[in-house]
Amino acid sequence: MSEKKSWEDLELAIELPPATSLGYKTGGWRIVRPVWNAAECIHCMICVAYCPDMAIPAEKSEEGTVGKGGRVFKGAVRRETNFDYCKGCGICAHECPTKCLSMIREEEAEQAACKVPGEV
Amino acid sequence: MNDVYEVRMHGRAGQGAKSGAQLLAEAAFLEGKYIQSFPEYGSERRGAPTVAYTKIAERVLRSHEPVLNPDAVLVLDFGIMRSIPVAVGLGQDGILIVNTKVCSSEIKQLAGFDGPTYGVDATGISLELLDMDTPNVPMLGALVKLTGVVKMESLESVLREYFLSKIGAEKVQKNVTMLHRGFDEVSA
Amino acid sequence: MGVKKAITGAQAAAEAMRQINPDVVVAYPITPQTPIVEHFATYVANGIVDTEMVPVESEHSAMSAAVGAEAAGARAMSATSSQGLALMWEIVAATPGLRLPIVMPLVNRTISAPLNIHGDHSDVMGVTTLGWIQIFSENAQEVYENLLLAIRVAEDERIQLPAMVNQDGFITSHAIEPVEIYDDDKVRAFVGTRSMERGLLNVAHPRTIGAMALPDYLLEVKRAQEEAMSRVFEVYHSVAKELSAITGHEHPLFEAYRLDDAEAAVVVLNSAAGTAKVAVDAMRDRGMRVGLLKPILFRPFPYAEIRDALKNVSAIGVLDRSMDFGAYAPVYSELRNSLFELDKRPKLQSYVFGLGGRDILRGDIEVVFDELLSGSLDPERQRYIGLRG
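Top line first, the protein sequences correspond to chains Z, C and X.
Quick note: the first sequence, position 72, residue 76 per the numbering used here, numbers continuous.
Quick note: the second sequence, position 138, residue 1203 per the numbering used here, numbers continuous.
Quick note: the third sequence, position 292, residue 320 per the numbering used here, numbers continuous.
Hints in this document: simulated from the structure, not taken from any laboratory.
These numbers come from a predicted model, not from an experiment.
Incorrect hints may appear among the rest.
Short, incomplete list of chain Z residues facing chain X, as computed with Cβ under 8 Å [said to hold, decoys possible]:
1) K8
2) K9
3) S10
4) W11
5) L14
6) L16
7) A17
8) I18
9) E19
10) L20
11) P22
12) T24
13) A97
Note that CB positions come from ideal geometry on N, CA and C, so glycine has one too.
Chain Z on its own, in the form it takes in the complex:
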């Protein structure tokens, strides 16, 4: 958390830099997260279009990337979800035609190695 400013340091009371939402990472809101199985992906771009947070990066790839059935997909390809902004809504997994996206509990992903220390 950044240090809060004094009133004397506020620019014209409350002018802020532009595009402040970029600095507001909403990834922490996730209860579940999408796991992408690239080996089953056909790079159809449906998840990219449906993601309400634009958290699935897509780019143009000349050399292509290996997807479903070992096929090389060229042109527009998706990359790993940007977990800084993905809120875990699951729309991508719902829409995915090859079911290469699945939702798992955030805690499982983060805390797989957690041990129980003792009794109450």
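Chain Z is fixed; fit chains C and X onto it per the hints.
Same frame as chain Z, but now just chains C and X:
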């Protein structure tokens, strides 16, 4: 128990921190206690961090300060501990209950708290029974088991009264089940 | 030297706006403001100004559009009265917090109910807590000059706050008086153009305005806004000095009229101050030591300066053209507050007058002076000038 028993719930909007704090207060009220319960509102959208307070006392509560030195802290979202110092003001004799599958030393570290720390998979219970993430009720079950601050029967009747008209008998029963699962499944 | 024209207060405001040449004017008609925008619209239609005139369906939209234009970097103006001000209240309240220096002529008219189109100050006195600079004008000449002054004070980089320039509905807005309109080139050089520095269309310096401020920041934001308001006095003085070079006379925070050796004084805003001057002169002719203090800058209120100007007066009557039901009338409150710090406080009397356009006559003010000089005063009970029964 102190003169005033104070609980602070940290969650994310939509997880029911406000309702949880209110349910707890109403249960204590049924038992003839003086109570206060209020949330701190941030951005009003699902997912944003929220805080809600419950105060329970044998005497009238006049102060409207937030809870700065809680007796118990309930963390409804595991990940929130990365950005919010949930244990601030929580004394060594207080308790911390976290919505987590497994309570690890990592949690104490994350929370910055050395005292008694407990975990209950409230999200898991809620997803299993209601297919949605409303961990507040199982967390209350855990709190009752660990502190006895109110009776389970009081919370049950408040749950029935609070939810019946909103969600119907079947889901109310599921909430009561959630309450007991939280009571039974909390562990250190 | 300028050109003398026989025009109304409304036209005087329109003349000032012509010379200010705002980028955007957004307004909705309401009596008695309408002739300001009507006259200005002919300047737009005839290509005399470069203004984009935006017709809207309500005053709420008028101020909203003005805020949008001002935020974009334009110099935006509106004008209104009474119910129109009431309808735009929400955006009027937001403008100072956004630090947008919109200047708006306000033609004072009583707030309904009862419905009444005539002049009193119940409209403006309902918005004095919102953070606009408030300037009052005795006559059409002052309307014109105060608008020129206001635009420079409001837009000064140290201030960046909106300003209202008040004039009495009908009494000033619809009365034809000689007004000296100063040389266009000189005035245009004085008012300049608004700096694009803060404009949202200034793509070199993108920024966010109007962001939310929760309990952890709102106090700091408002404290900073108050700081800007407190700087108005020094900026007002320096802008007034520049304006004096054009007008040939001073532009003080308030006018002290024959106050130097006065035993009794009245304090009154806007057009009634002119009538009060006539009463003062008449009584001075009869050997009575009376004077007038006419506040011009009402927000921020110059407490210390007014206290100093009145410190030797033994009885003061404050004439309010509006009421604050269940409380001291607005101008009277400020005077009481201002004089509280004096070791030897004068005797005070509150008078309510002129509501809904009721005439105030020279004789009424002479009666006030008689009461002040006789000492039969009750500072806790307001009196009503011309009340039947």
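Hints versus structure:
1. K8: With Cβ-Cβ at 6 Å, under 8 Å, it holds.
2. K9: holds, 7 Å
3. S10: The hint holds - S10 of chain Z has a Cβ within 8 Å of chain X, the shortest such distance being about 7 Å.
4. W11: Check passed: Cβ of W11 of chain Z comes within 4 Å of chain X, closer than 8 Å.
5. L14: Interface hint status for L14 of chain Z: holds (5 Å vs cutoff 8 Å).
6. L16: With a closest approach of 5 Å, the L16 of chain Z hint holds.
7. A17: Check passed: Cβ of A17 of chain Z comes within 4 Å of chain X, closer than 8 Å.
8. I18: Where the cut-off is 8 Å and the nearest Cβ of chain X is about 5 Å from I18 of chain Z, the hint holds.
9. E19: Holds, about 5 Å.
10. L20: Since chain X brings a Cβ to about 4 Å from L20 of chain Z, closer than 8 Å, the hint holds.
11. P22: P22 of chain Z check passes; min Cβ-Cβ to chain X is 4 Å, inside 8 Å.
12. T24: holds, 6 Å
13. A97: With Cβ-Cβ at 32 Å, over 8 Å, it is violated.
Of the numbered hints listed earlier, the single one contradicted by the structure is hint 13.
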